[in-house]
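Trainee: The task is simple: from the sequences and hints, build the whole structure.
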Amino acid sequence: MLAQKVDNSNHLVVASTIGIVVAFLLWRLLRIGSRPSDLPPGPPTLPILGNLHQLPKKNLHVQYKKWAEECPQQDGPIFSLKLGEQTTIVLAEGGVIRDLVDQRGSNYADRPDLWVRGLFDHSRIIMRGYDELWRMERKLYHAQLNISVAKKYLLYQEVETHQMCTELLRDPVNFVQYIGRMTGSMASSIAYGFRLPDAQSPLAHELLENSHGFFHCVVQSQLLDWYPSLRPLIELVPRKWNPWARSALEAYAKEKKTFARAYAMGLESKGQCFARDIEASKGDMELLTDHAATYVAGIAFEGGADTTRYTLQGFIKAMAMFPEVQRKAQEEIDRIVQSDELPSGKHLKEMKYINCTAKETVRWMPTAINGAIPHAAMNEDHYHGYRIPKGATIVLAVWSANHNPKDFDEPREFRPERQDPNTTIFESQNVAKPSDRGQWGFGSGRRICPGMHVAHNTLLLSISRILWAFDIQKAKDADGKEIEIDRDAFVGGLAAAPAPFQCTIRPRSEARAKLVQREWERISAELLDSEGNYRSAGN
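Quick note on numbering: the working numbering labels position 353 of the sequence shown as 1808, and the sequence is numbered without any gaps.
Certain hints may be false.
Derived Cβ-Cβ restraints for the label pairs, each shown as a range [stated by the list, open to error]: (1) Q1655 <-> P1693: 31 to 41 Å; (2) E1965 <-> H1577: 47 to 57 Å; (3) A1735 <-> L1691: 38 to 48 Å; (4) R1694 <-> I1978: 47 to 57 Å.
To be clear, the hints were calculated from the coordinates, so they are not data collected in a lab.
Backbone N, C-alpha and C fix where the C-beta goes; we use that ideal spot for every residue, glycine too.
Mentor: Structure follows, in structure tokens:
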């Protein structure tokens, strides 16, 4: 009888213990996705999912803005999302971005711990954490892309924008293709010293596909970023049977090969280029391996190709929709530039309204619509009574900041007058008042885009030359009625572009069209070889 009581007692203890453990595990499981009370507010969560079920498949920037408006705070919109196990803090106003990412830059210079970046050996600086190698590579970018060095690329910019204008004369319907060729060739000239004179260049396609392939892998494996506790289980699966790992490793092998090939071509090219300057720096930088060098140049190419292309597509869209802005810009150009020459580097400082138009384009059509790559908090921080946990993902909601009506009246109107005519994009980053900054499209803090000086000059020269040579209007249907353009239609993910639209691009006069063609023939004869590349390293 006593033995039976002891046995029953033991069973009860075991059952109770199992029950407690199961209850604890269930409690822990159901707490996944819940929002601690000291975080910034946000939309209601569900157990395990958090806010994952509320993320839209497209137009995330619109949802961010809606959530920001639903969480008004005295000190500006800041809200949190629980994406599975992950905490995301969204900064949806310029003042909040300035306070945290700019003024506390050392704490917000990190990147989220994405599972896929390890499969790419942390090779991409835009994804790498805030470490010694990142700081070394950042110095290289600054040395080659700073405001004084950017001037040496003006010849490249003049050549590429001139060819673009020639292509628009011949085939204006395919303006997106020729803008893309121009920005891709501009980026390859700076990174590698060779041009991409043909819009259908296989190498251009391969280089651009690298970034698309990488970010496809990031999106594909997001489950492991939302639920990092699953990673040990996934990593037990052999990589050949793991579709996420296999896809990432295949993309990595492909981009390594493409970057190495382009880098080798850059060392043999005749143009001034990033690759040759990086190679000369190897002896002074122990961490700068051959592999790292090819990636520094490769990421420089990627950074200059897609983003400027999409911004200029946004400019074309704005000109078709806001003809009064176009007329005012053309009046300034005609006042400054002689009728027998195209706008060039010598005119850029004088063209104040064109400067405002470029900055307003970046505000109105931000390529980094949701801040592109998120930041991460290196240490716990506090902001106006809210806790920002260590390791939290920090999203810069650029669309929301650029369209905050407190800073920009009627934000979906295209008004260059709201921009400061006397500051460059870089100079405006340092102003205290968000509305005076004008836009947040180039990022903030220690991760701010190092190529903004080059990008700004490319925008100025492209905009001034297009408007010198062409009139841009809405297209008309068979009945002569204007085909309306949806100003808020976008495509893409981390880098957004205007959705395809129709417009008419016509020469402003026959004389201007002939001058564009004649000058391109002269440039080709003087500077370029039979394959369209530069004749000598002095160019």
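Trainee: Quick one: are Q1655 and P1693 within 31 to 41 Å, going by C-beta?
Mentor: Check passed, 39 Å falls within 31 to 41 Å.
Trainee: Does 47 to 57 Å hold as the CB distance between R1694 and I1978, or does it fail?
Mentor: holds, 50 Å
Trainee: Taking the beta carbons of A1735 and L1691, is their distance inside 38 to 48 Å?
Mentor: holds, 45 Å
Trainee: Range first: 47 to 57 Å. Now tell me if the beta carbons of E1965 and H1577 are that far apart.
Mentor: At 56 Å between Cβs, range holds.
Going through the hint list in order, the structure satisfies each hint without exception.
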